[in-house]
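Protein chains: 2
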Amino acid sequence: MVAGTGILYGVGVGPGDPQLLTLKACEIIRAADVMAYPVNGAGDSRSREIASDVIPEGVSELPVPIPMKVEREPARAAYDAAAGTISEHLHAGRNVAYLCVGDPLFYGSFMYLAARLGRDHEIEVVPGVTSLSACTARTHVSLAGRNDVLCVVPATLDRDALKTALAGADAVAIVKVGRHFEKVRDVLRALGLADRATILEGATGERERVIALEDAPEKDAPYFSTILVRRSELL
Amino acid sequence: MVAGTGILYGVGVGPGDPQLLTLKACEIIRAADVMAYPVNGAGDSRSREIASDVIPEGVSELPVPIPMKVEREPARAAYDAAAGTISEHLHAGRNVAYLCVGDPLFYGSFMYLAARLGRDHEIEVVPGVTSLSACTARTHVSLAGRNDVLCVVPATLDRDALKTALAGADAVAIVKVGRHFEKVRDVLRALGLADRATILEGATGERERVIALEDAPEKDAPYFSTILVRRSELL
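Keeping their order, the protein sequence lines are chains A and B.
Under the numbering used here, the first residue of the first sequence is numbered -11, with each subsequent residue one higher.
Under the numbering used here, the first residue of the second sequence is numbered -11, with each subsequent residue one higher.
One thing to keep in mind: the hints can contain errors.
Chain copies aren't distinguished; within one or between two, either way the pair holds.
List of simulated lysine-lysine pairs, DSSO-like, C-alpha gap at most 30 Å [stated by the list, open to error]:
1) Lys171 - Lys57
2) Lys164 - Lys151
3) Lys164 - Lys57
In short, the hints are calculated from the structure, not lab data.
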């Protein structure tokens, strides 16, 4: 950490509803000199959209294009480039807020920036409400309580790894479902868990959908959906 | 749901820092007719304390004493009694906010009230920042990312169940450590994971401590501490 330079804030903006920003996130966003956020190939940024009411007009903005590919090299290069630009701002004494959907460090990308910039700069993380909490809030049912083991499992795993991960837990949240929907449903069916599963898309956001897994349309489960499964009744 | 009656809100107030309340939590708390919250045997309420700046002066308050015992019957009786009182308020058209530390449905007690009151009353859950997100925010390191399996494991499990739960995951958060500290440390040592573990107490709160597990004092790990373990480097 170098004294006298700017601070990099990793700011969780929550799962979608702008009212689920924390007071601290609002304070940091309002005061930051530079507003940074990931953007997809089409130039859209979910985190900027969620925080848009709080972002001061005319503030300096730094969109960070992140390639969403299986290969890691393009993403590495993108984080290297973003870290370089952010570092220049910090050395010039400017505070930078990097906006993250949900929580910055729960399956988020902020760790890649923190790893590149943490040695030379002060970093502060503002935790946010995760998509997982948003999902359980919409179903009104705890995913886990008391002595339950809860596993969070990325749908990107292969079938065998998915089966192993699902086998031991009392409750499971499968994240990053997207194009892995059919594989996940097959595995859940094989384990006899499909009729206990709920799929949620964009929970608390404007385009929210909550449906029983077996009622879900075949080919329309977007990247940000989550599947919740409980092995047994909780109460 | 009965039309014309009050609404029961399960409101997550976050992990400890009052600035980590969401805008929505503040709005619901400020407008509620009755402020309900769990209290321990000494009459203290962590959730009320976290939200105290936002609670309107003179609002009707309903402390809910929850016995923290291994036996479930005393707790069941306490939730029955609380549900009865809350139901009277709701039938009289009064909105009730039930304040929960962290997120209402992440290892929280709100599900017991929701299960008792959900059939006859409208319920809305306001998700909050979990203690888990608070912990990773303080270590600056993602617990899980990319294709990692993350397991949340209550320290209340016996040694064998703990070992099984810890065996498969890339990353583990052990919650409710408290008086189970020595058992958990023994299991982590047996698995060769103790030197990769961090213990956090009251993250983001006023009495926060973050220490490597092997540096932790023997008999001073309170109920609300969490142990984070990663099996391998994430980046």
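Which of the numbered hints are not met once you compare them with the structure shown? Every hint satisfied by this model.
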